[in-house]
Amino acid sequence: MKRRDVILAMASLLIIWQSAAMLLNRAILPTPLAVLDTFIKAFPQELGGHFLTSLYRVVASIVVAVTLATPLGLILGQSERLNRIATPFLYLLYPIPKVVLVPIILLFLGVGDIAKIFIISTILFFQVLVLVRDSAARLRPELLLSVRSLGAGRRALFRFIYLPASLPAILTAIRQSIGTAVAVLYVAELFATQKGLGYYIYLNGSTLFDYPAMYAGVMAMSLLGLGLYFGVDALQHRICAWMEI
Amino acid sequence: MIDVHDVTFAYPNQELLFKNFHWQVTKGETWALLGPSGCGKSTLLTLLAGLIPPNKGEIWIDGKYLTRPRPRTGLILQDYGLLPWATVEENIALGLKIRRLYGPDGQHAPLNTHPDHQASHSTYWLKRLGLEALAKKYPRQLSGGQRQRTAIARTLILEPDLLLMDEPFASLDAPTRESLQELTLTLCAEKKLTILMVTHAIEEAAFMGQKILLMDAYPVQKAHIIDNPHLADTAYRRSPAYQSTCTLLRANMERTRDNEPKF
Numbered sequence: 437m438k439r440r441d442v443i444l445a446m447a448s449l450l451i452i453w454q455s456a457a458m459l460l461n462r463a464i465l466p467t468p469l470a471v472l473d474t475f476i477k478a479f480p481q482e483l484g485g486h487f488l489t490s491l492y493r494v495v496a497s498i499v500v501a502v503t504l505a506t507p508l509g510l511i512l513g514q515s516e517r518l519n520r521i522a523t524p525f526l527y528l529l530y531p532i533p534k535v536v537l538v539p540i541i542l543l544f545l546g547v548g549d550i551a552k553i554f555i556i557s558t559i560l561f562f563q564v565l566v567l568v569r570d571s572a573a574r575l576r577p578e579l580l581l582s583v584r585s586l587g588a589g590r591r592a593l594f595r596f597i598y599l600p601a602s603l604p605a606i607l608t609a610i611r612q613s614i615g616t617a618v619a620v621l622y623v624a625e626l627f628a629t630q631k632g633l634g635y636y637i638y639l640n641g642s643t644l645f646d647y648p649a650m651y652a653g654v655m656a657m658s659l660l661g662l663g664l665y666f667g668v669d670a671l672q673h674r675i676c677a678w679m680e681i
Numbered sequence: 020m021i022d023v024h025d026v027t028f029a030y031p032n033q034e035l036l037f038k039n040f041h042w043q044v045t046k047g048e049t050w051a052l053l054g055p056s057g058c059g060k061s062t063l064l065t066l067l068a069g070l071i072p073p074n075k076g077e078i079w080i081d082g083k084y085l086t087r088p089r090p091r092t093g094l095i096l097q098d099y100g101l102l103p104w105a106t107v108e109e110n111i112a113l114g115l116k117i118r119r120l121y122g123p124d125g126q127h128a129p130l131n132t133h134p135d136h137q138a139s140h141s142t143y144w145l146k147r148l149g150l151e152a153l154a155k156k157y158p159r160q161l162s163g164g165q166r167q168r169t170a171i172a173r174t175l176i177l178e179p180d181l182l183l184m185d186e187p188f189a190s191l192d193a194p195t196r197e198s199l200q201e202l203t204l205t206l207c208a209e210k211k212l213t214i215l216m217v218t219h220a221i222e223e224a225a226f227m228g229q230k231i232l233l234m235d236a237y238p239v240q241k242a243h244i245i246d247n248p249h250l251a252d253t254a255y256r257r258s259p260a261y262q263s264t265c266t267l268l269r270a271n272m273e274r275t276r277d278n279e280p281k282f
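Taken in order, these protein sequences are the chains called A and B. Each residue of the first sequence is one higher than the one before, starting from 437 at the first, in my numbering. Each residue of the second sequence is one higher than the one before, starting from 20 at the first, in my numbering.
Any given hint could be a false lead.
Straight-line C-alpha distance at most 30 Å; calculated DSS-like pairs for lysine-lysine [said to hold, decoys possible]:
id : chain 1 : residue 1 : chain 2 : residue 2
1  : B       : K38       : B       : K156
2  : A       : K438      : B       : K156
3  : A       : K438      : B       : K155
4  : B       : K83       : B       : K230
5  : B       : K211      : B       : K46
6  : B       : K116      : B       : K75
Quick list of the computed label-pair ranges, beta carbon to beta carbon [stated by the list, open to error]:
id : chain 1 : residue 1 : chain 2 : residue 2 : range
7  : B       : A29       : A       : R590      : 20 to 28 Å
8  : A       : Y665      : B       : D124      : 24 to 32 Å
9  : B       : L202      : A       : R440      : 47 to 55 Å
10 : B       : E48       : A       : P524      : 49 to 57 Å
11 : A       : R439      : B       : R91       : 50 to 58 Å
12 : A       : R591      : B       : S198      : 32 to 40 Å
13 : A       : Q612      : B       : D252      : 56 to 64 Å
14 : B       : A193      : A       : L526      : 45 to 53 Å
These are calculated hints, taken from the structure and not from any lab test. C-beta atoms are modelled at their ideal positions from N, C-alpha and C, and glycine is treated no differently.
Bound-form chain B, shown alone (with noise of 0.2 Å):
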C-alpha cells in the first residue's frame, strides 16, 4: 500500500528530519507512529498526505508514484480544520462539494464516484457518528469529541482507502479519547482501512497500533518497529498484554530521551 523509499527531507534551514528512510506497510494494517515531539511524526504523515514533497526519494502509494494530494487518502488533525462558518452538515459535505466542482477527474477525486451518489450518506454519516441532532450547529458549539466526530465524518463520507490522523485526540478528555478510538478502529475494521495514527502518547499506540514505528533517532533512518498484534477492544486495555506493550514502549521513548542530542 505505501512504500516509502529512501526519503530524505528537512524543512528549509532546518536540521534533518529523515535520512535515507525505508518504510513499508501493507494494505488494512493499522498503525500508530509513536515518538517526541519535534521528532517528524507529523513532517511524515504531511508527506504521506502529499502536501509537501520529500527532497529526496520517493514515496509510491497503492502503486503510484506520490506528487499531490491523493483523493483516497483521509487526513486528520488534532485541530479538526472544520469551517467556522459552516454547519455540522454542511462541513460534513464539503468534500462531496469540492468533488462535484471538479468532477471525477482522478486528481481531486477519484475517477469512478460520482458525488451525488454520495450525497445521501451525508444522512448515513451523521447518524453513523451520532451527529444528527447536531446537524444545524456551528463549530464553536460543539465540544472538542463532537468536532472531532464532524472531522471524521467528513473523511469517511468520501470513501477513503488510506486515513492519516495526526494526534486526533490529544485535546480530548480521556473517556471521550478512549470511545473515539475505539469508534475509529470498528469503522476502519468495517471500511477495511488502513490506518496510520502519529501519537506522542504510549497509551495511545499501544491501543491503536497493531503495528508501532518508533521514531527514535535524529534524523530517523531506520524504521524501528514494534508488532503489537490485538483485538482492540474495551478489555484490552486491562489486559497484562496492554500493560507489557506499554512497557516496552515506555522504555524505548526513555532510551530515546538519554539519547536526545543535547542543545
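Chain A on its own, in the form it takes in the complex (with noise of 0.2 Å):
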C-alpha cells in the first residue's frame, strides 16, 4: 500500500461525502469538514482517550491470538494426524459468528477488558490457526529432509523452519481479519463500557444525537484500522524483507 494512494483514496471519498452532505443537507449527514473540525477538538478531550482504549483492546486481542494461534498451528501443520483429528473441530467451531455469543462471554468474563480482548482474539484466533497450519503443511518435504540432514531434529525445525516459514502467514492473518476485529470491537464496546470508540459511536449517535461527534467517532475508527494496516505493513517489510525482492 502506496502512502500516495492512500491518500488519494481518502481525497475521493471525502468528496464523495462532501457531495452526498450537499444534496441531502440534512442533520444526520455533516459535511466533512465540519466533522473534521469536530474531530480536531474532540481529540485532544476525550476522543483521544477512547482511541487508545480501542487501540489497547485490539493489538492485545491480536497479541493473544497470534502466541496462542501460531504453536498449535505449526503443531497441526506438521502432523498429518493431529491435524485429520483437529480438522473437524477447527471447521465446526470457525464458522460460528462469534458476536452471537458476545453476551455470554460478558456473562462470564464480566464488562472488563478482558471479555472484549476474548471475543476479539477468538475471532483472530482461527484465522491465524488455518493459515499458519496450512503454510507449515506446504512447506517442501525436499527443504524439511535436507534441514534435517543437517542436524535439526524436531525442536530446530521448529525454530530454524516451521517458526520463519509461517511469519508471512501470521501477518496475512493478521491483515484479513482487522476489519473483522474492528467490526467487532464495536458491537464489544456496545455492552457496559464507558471507554472505547464503539460506546463513544453509540453515545453521540444514538443518545446525544451529535452528528458531528458520531462521525469523528467514525473517522477514528477508520483511522485505527488504517493505522493497523499501515503497522502489519511495516512489520512485514522488516520481518520478510526477503518476499519484497
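Since each chain sits alone in its own frame, please combine them into the complex, following the hints.
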C-alpha cells in the first residue's frame, strides 16, 4: 500500500461525502469539514482517550490470538494425524459468528477489558490457526529433508523452519482480520463500558444525537484500522524483507 | 565405511525396491549410483542418510548401526533445500546454528565439535565457493549454480566425512554442471570425503564415479558394480577411456530398459 494511493483514496471519499452531504442537506449527514472540525477539537479531549482504549483492546487481542494460535497451527501443520483429528473441530467452530456469543462472554468474563479482548482474539485465533497450519503443511519435503540432514531434530525444525516459514502467514492472517476485529470491537464496546470508540459512536449517535461527534468517532475508527494495516505492512517489511525482492 | 546388509525396502503399499540387498563402500571412494528414474537410487540415498529406516536388514556406517541421521553425513539434493527467507551467509551458517542449539551431543552434532570454532569457516567457505559477493543475497536472487554452491558450502562447513548427493546438478546448464562436478571432486579430494552421487546421466556417472553402482533390476538385489578408475580432470572428458565407459554404461542401461517390467 503506497501512501500516495491512500491519500488519493481518502480525497475521493471526502469529495463523495461532501457532495452527498450537500445534496442531502440534513443533520444526520454533516459535511466532512464540520466533522473534521469536531474531530480536531474532540481528539485532544475525550475522543483521544476512547481511541487509545480501543487501540489497546485490538492490539492486545491480536497479540493474544497470535501467541496462542501460532504454536497450535505449527503443531497441526507438521503432523498429519493430529491435523486429521483437529480439523473437524476446527471447521465446526470456525464458522460460528463469534459476535453472537458476546452476551454470554460478558456474563462469564465480566464487563472489563478481558471479555472484549477475549471476543476479538477468538475471531483472530481461528484465522491465524488455519493460515499458519496450512503454511506449515505446505513446506516442501525437500527443504525439511535437507535441513534434517544438517542435524536438525524437531526442536531445530520448529525454530529454523516452521516458525520463520509461518511469519508471512501470521501477518496475512492479521491483515485479513483487521476489518472483522474492528467491527467486533464496535459491538463489544456497545455493552457495559464507558470507554472505547464503540461506546463513543453509539453515545453520540443514538443518545446525544450529536452527529458531527458521531462521525468524528467513525473517522477515528477508520484511522485505527488504517493504522493497523500500516503497522502490519511495516512489520512485514521488516521481518519478511526476502518476499519483496 | 558403509555396509548395507541384507536390506529390503518398499514404500507402504508400493512395489519392492530392494530385496536382500548387500553393498559395501570403502572410505574415500567416489561412487556414482546410476539407474533409470524410479529404480530406487534416491531411496537408497535417503536410507543411507538415516532419514527412513529399511523394512528389513541393517545399514552400518563407520562401524555404527544407523538409526537416525548421522551428524557427519552431508546430504545435497537437486532442489538445493535452501531457506528462502535466509541470505546466502545465513544459509551457510544454518548447520552451525543447529549444532549450537543442541550442543555436541553426538546425535545432532559430533561429540568433539565446537560450533563457535567453526563459525570463522563461514568466511572461508563463502570465499572457497566464490560466493563472497552474494553473501547478503537471498536464494531467489541467485542462479541455479549459485544456489547449489551455497548448498555445498552449507554442507561442507559441517566437516562431513560422507557426502550423499541426489542428482545435485541435474537442473543446471552444461558448463555450470561440469564446473561444479570438477569443484566437487576437488573439494572432496581435499577433505578426503567419501562421495555417493545419484544420477540418471551416463556422462555424469562416468565422470564422477571411480566406481559405479548400476541399479538395473526390479527390485535391486545384487550390487552391479563397474570399476572406473580415472583422474577426473577436464582432459578426461575428452579421453577414449571416458568414451568407452559411457558406451559400456549405455549398453547396460539399454539392457535394463528392455528388461523393465511392462505395465
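Structure-based check of each hint:
1. B:K38 <-> B:K156: violated, 45 Å
2. A:K438 <-> B:K156: holds, 25 Å
3. A:K438 <-> B:K155: It holds: about 26 Å lies between the C-alpha atoms, which stays within 30 Å.
4. B:K83 <-> B:K230: holds, 23 Å
5. B:K211 <-> B:K46: holds, 9 Å
6. B:K116 <-> B:K75: violated, 35 Å
7. B:A29 <-> A:R590: 20 to 28 Å: Since A29 (chain B) and R590 (chain A) have Cβ atoms about 26 Å apart, the given range 20 to 28 Å holds.
8. A:Y665 <-> B:D124: 24 to 32 Å: Once the Cβ atoms are compared, 45 Å apart, the range 24 to 32 Å for D124 (chain B) and Y665 (chain A) is violated.
9. B:L202 <-> A:R440: 47 to 55 Å: Since L202 (chain B) and R440 (chain A) have Cβ atoms about 49 Å apart, the given range 47 to 55 Å holds.
10. B:E48 <-> A:P524: 49 to 57 Å: holds, 53 Å
11. A:R439 <-> B:R91: 50 to 58 Å: About 53 Å separates the Cβ atoms of R439 (chain A) and R91 (chain B), which means 50 to 58 Å holds.
12. A:R591 <-> B:S198: 32 to 40 Å: Given range 32 to 40 Å: holds, Cβ gap about 38 Å.
13. A:Q612 <-> B:D252: 56 to 64 Å: Since the Cβ atoms of Q612 (chain A) and D252 (chain B) sit about 57 Å apart, the hinted range of 56 to 64 Å holds.
14. B:A193 <-> A:L526: 45 to 53 Å: holds, 50 Å
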